[in-house]
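The listed protein sequences correspond, in order, to chains A and B. Residues in the first sequence are numbered from 1 upward in steps of one, following the working numbering. Residues in the second sequence are numbered from 1 upward in steps of one, following the working numbering.
Honestly, I wouldn't trust all of these hints.
Residues from chain A that face chain B, not an exhaustive set, calculated with beta carbons under 10 Å [unchecked claim]:
(1) 8
(2) 53
(3) 54
(4) 56
(5) 85
(6) 108
(7) 131
(8) 304
Because the hints were derived from the structure by calculation, they are not lab data. Built from N, CA and C at the ideal position, the CB exists for glycine as well.
Number of protein chains: 2
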Amino acid sequence: MQVFELGERAIVERIRKLLGNPDIGDDCGFIRIGDEILVATSDMLHQKTDFPPQMSGYQIGWMSAAVSLSDLAAMGAKPTGMLFAIGLPGDTETGFLDEIIRGIKTCADHASTRVIGGDLDAHDELTIVGTAIGSVKRENIMYRSGARENDLVCVTGSLGGAGAALFALKQGIKCPADLLAKLFEPTPRIREGSTLAESKAVTSAMDISDGLAASLHELSRANENIGFKIYAEKIPTHPKISQILKPKEALKVALYEGGDFELLFTVPKEKIKILHEEIDLTIIGKVTKKNILIEETTIEGKTCVKPLNEKGYEHLRHRPQTRSRPQDPITDTNTKFDITKY
Amino acid sequence: MQVFELGERAIVERIRKLLGNPDIGDDCGFIRIGDEILVATSDMLHQKTDFPPQMSGYQIGWMSAAVSLSDLAAMGAKPTGMLFAIGLPGDTETGFLDEIIRGIKTCADHASTRVIGGDLDAHDELTIVGTAIGSVKRENIMYRSGARENDLVCVTGSLGGAGAALFALKQGIKCPADLLAKLFEPTPRIREGSTLAESKAVTSAMDISDGLAASLHELSRANENIGFKIYAEKIPTHPKISQILKPKEALKVALYEGGDFELLFTVPKEKIKILHEEIDLTIIGKVTKKNILIEETTIEGKTCVKPLNEKGYEHLRHRPQTRSRPQDPITDTNTKFDITKY
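Excised from the complex, chain A in its bound form (with noise of 0.2 Å):
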């Protein structure tokens, strides 16, 4: 059997029994030392499904280093370096080189941390592995796990910019400069994540980079019997999206489109006022037994409850064509640009 058969859940499964390792699965890793918990994470990223040519070297570089950054926010843990693997190839102009380093230097700087390695390799398609380092105190760290009936489920910031945004590019509609910027420099919620972590208030905490409704399905796999309601109303789309889409196509981007760099995390309720103070939050839902579901409101004004399907995009069953060079991956149909793989 090949391993694109089985998508990326199962395989991971597959590794973590192979390893004798539970933890993995997690975006991070982690190592406990003393009262810390130090958290590490690796993503890889490449030419053909995450830097589409509208993409400047420096927003593929913020870009390479924002990813890894905000599985460390989702933890609370704030970074203490980056490494990066840069795989170069064999006609890169060193202008677009700096440009790189000058995008990854920018994202290191916003989240206070900075680089202190890497490699660098020729290979025929630009890829980029960044691994972020970071720390927690042990009794802050927010995991996946930990949610309860009754909490209240909250985003930060707004959904579907970035969606929005590569909706505009595929169609060759204009596109406001700050959606845009959702989807090739997503900011890492790095304070935010930080501030959740030591309000110790929250419950349960991941990035929404795969989406908000393959997101909280995540969310609630990782915690036994629970389940969620979500109230579509309260979902904040992004403000600039009215430009581009119309309310029902945005609500959709918001729930099924990745790249939105944003944290989903779980507070009970009678703790939600300290954080509401610290962080631009929205509560966007509950905590329930059992189910993900979603309520909106008709056009008749009357109140639908329906399941929020996962429609979870796994990268790894999306076999790649094999190809001599990197094709356009937003304008070519066959080669699909993936802002929901992180």
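Guided by the hints, dock chain B onto chain A, whose structure is given.
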């Protein structure tokens, strides 16, 4: 200007300046945490240059772990965890992935560490980035700099085994199993590195992944105003090399071919005795004021001292061919199988 016209050292220098972190350039990055120094390193390996067809999945996995662990060993750090970002081609069989994971696990077990996380991705070319994280007491850490005139120059284990095995594979000569193991399953010298660090006797250290001559030049660059005098007869060539190469050729391979993941280090004379009792080491020369010289005995019995050329292989200068599919990296002369790049 294109990156590949610069060569690796110039690129690293450029990146170091752009990042504003003068520590970058050694194989590992450092983070100070109290009395401990956290050491981390990432290495990118991929099909075309690192995994010849004679290499099994198990060996690919082992090698991917060994290269980064060797970097930790050179600093005297004990590994605390590893991450692997693995890019898999579309037609990868699950059994092959299992073998890679088994190789990774066995090597990690051997170094008393474990895999704590990673990333899986679809990629046209099998690409593995291993990251090793370790720690070492602040007062014990070994750097490349610190060598002093008259210190003894030492290596662990034996040299030339990997290079001789590669030669045998290229020529289609039968190769003893333990030479092949030196090439495909090198042992990262974690125990030796740790013992050397704890002895506090070592003044400078690095691993010999790029070949002894290149490593001596690298060590000389890391130390101001020092050189080396190496005695050819002292170099511990692998005992099985004689089955494949004549003594002169064996010496060349030991000097100029990479892939031997042994440690190269300098120690003051008065401290060598205690190390001799603890690890398998050979004194091959001494630290001098300048130049890197090698003393050989000619066939006529004369002593001859000459400069030891670097013959360092900077892999980024070797521009890879762009191909639609991986070639046999050993038998295809257009593609260099590179054992000197870690």
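Verification of the supplied hints:
1. 8: holds (6 Å)
2. 53: Violated - the Cβ of residue 53 of chain A stays beyond 10 Å from chain B, reaching only about 18 Å at its closest.
3. 54: Violated, because the Cβ-Cβ distance from residue 54 of chain A to chain B comes to roughly 21 Å (cut-off 10 Å).
4. 56: Hint violated; residue 56 of chain A Cβ to chain B Cβ min 16 Å, cut 10 Å.
5. 85: The hint holds - residue 85 of chain A has a Cβ within 10 Å of chain B, the shortest such distance being about 4 Å.
6. 108: Hint on residue 108 of chain A: holds, closest Cβ of chain B at ~8 Å, below 10 Å.
7. 131: holds (5 Å)
8. 304: violated (38 Å)
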